[in-house]
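Colleague: What follows is each chain in one-letter form.
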Amino acid sequence: QVHLVGSGGGVVQPGRSLRLSCAASTLIFSVYDMHWVRQAPGKGLEWVAVISYDGNNKYYVDSVKGRFTISRDTSKNTLYLQMNGLRPEDTAVYYCARPGMSLTVTDARNYWGQGTLVTVSS
Amino acid sequence: QSVLTQPPSASVTPGQRVTISCSGSSSNIGSHAVNWYQHLPGTAPKLLIYNNNQRPSGVPDRFSGSKSGTSASLAISGLQSEDEADYYCAAWDDSLNGVLFGGGTKLTVL
Numbered sequence: 029q030v031h032l033v034g035s036g037g038g039v040v041q042p043g044r045s046l047r048l049s050c051a052a053s054t055l056i057f058s059v060y061d062m063h064w065v066r067q068a069p070g071k072g073l074e075w076v077a078v079i080s081y082d083g084n085n086k087y088y089v090d091s092v093k094g095r096f097t098i099s100r101d102t103s104k105n106t107l108y109l110q111m112n113g114l115r116p117e118d119t120a121v122y123y124c125a126r127p128g129m130s131l132t133v134t135d136a137r138n139y140w141g142q143g144t145l146v147t148v149s150s
Numbered sequence: 020q021s022v023l024t025q026p027p028s029a030s031v032t033p034g035q036r037v038t039i040s041c042s043g044s045s046s047n048i049g050s051h052a053v054n055w056y057q058h059l060p061g062t063a064p065k066l067l068i069y070n071n072n073q074r075p076s077g078v079p080d081r082f083s084g085s086k087s088g089t090s091a092s093l094a095i096s097g098l099q100s101e102d103e104a105d106y107y108c109a110a111w112d113d114s115l116n117g118v119l120f121g122g123g124t125k126l127t128v129l
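For the record, the sequence lines run as chains V and B. Numbering-wise, the numbering used here puts 105 at position 77 of the first sequence, and it's gapless, one number per residue. Numbering-wise, the numbering used here puts 107 at position 88 of the second sequence, and it's gapless, one number per residue.
FYI, nobody ran anything at the bench for these hints, they're computed from the structure. Honestly, I wouldn't trust all of these hints.
In silico DSSO-like links for lysine-lysine, alpha-carbon gap of 30 Å or less [unchecked claim]:
hint, chain 1, residue 1, chain 2, residue 2
1, V, K71, V, K86
2, B, K125, B, K65
3, B, K125, V, K71
4, V, K86, V, K104
5, V, K93, V, K71
6, B, K65, V, K93
7, V, K104, B, K65
8, B, K65, V, K86
9, V, K93, V, K104
10, V, K71, B, K65
This structure is a prediction, so every number in the text was calculated from the model and none was measured.
Could you put the whole structure together from the sequences, leaning on the hints where they help?
Modeller: What follows is the structure, encoded as structure tokens:
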């Protein structure tokens with residue numbers, strides 16, 4: 029079992045930056061591809077980004093490409109999402125997750141953080 | 020444009036069976052496995068089905084999944100009030116090089 033704790037959310041003005049963190053409870057984190065998924069108010073789940081277990085492969089939803097960067101620090105068991113050039117439409121609860129899905133397979137390993145709220149508003 | 024299409028809502032009475040559809044294309048469901056999630060407000064999504072039709076440990080056998088071609092379905096039998104939630108399908112998409120979630124289906128148990 030992997031316990032994930034997200035942090036770093038808050039209120040930020042359009043155009044500014046924010047970095048989300050997600051601390052994992054176990055070294056097993058280092059073997060998992062990890063995702064960020066968000067949910068805007070009143071909307072459904074939206075996948076944001078994924079990073080491979082070794083950090084070598086990263087993929088993003090089109091709407092955040094060039095603005096967001098996913099990364100991980102295995103020595104700290106921590107996943108990050110650097111968000112630059114934030115827009116009001118980025119307002120959402122952001123979940124770090126290993127959602128029963130890696131870059132190659134689906135399986136039963138479903139772990140999610142508690143979600144951290146990012147509000148982009150002037 | 021790659022999308023996974025789900026009905027926005029469904030209403031059923033306790034004890035009945037409901038089927039939620041998820042329609043995609045060759046670049047997603049047609050080529051990759053489908054997961055299904057149950058999401059209650061303020062909580063982390065729960066994985067109900069992975070790899071099209073596999074149930075994680077602890078998920079009741081009232082929940083079942085299937086896939087045919089570019090479509091997938093989640094069936095829930097013996098509906099209970101606790102099943103009232105939002106349900107999402109998800110699959111990798113080769114065109115987007117990313118994960119697609121369906122728009123979600125809000126299930127109401129009357």
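Colleague: If a hint holds in the structure, say so; if it does not, say that too.
Modeller: Hint check:
no., hint, result
1, V:K71 to V:K86, "holds (25 Å)"
2, B:K125 to B:K65, "holds (15 Å)"
3, B:K125 to V:K71, "holds (11 Å)"
4, V:K86 to V:K104, "holds (19 Å)"
5, V:K93 to V:K71, "holds (21 Å)"
6, B:K65 to V:K93, "holds (28 Å)"
7, V:K104 to B:K65, "holds (26 Å)"
8, B:K65 to V:K86, "holds (24 Å)"
9, V:K93 to V:K104, "holds (26 Å)"
10, V:K71 to B:K65, "holds (17 Å)"
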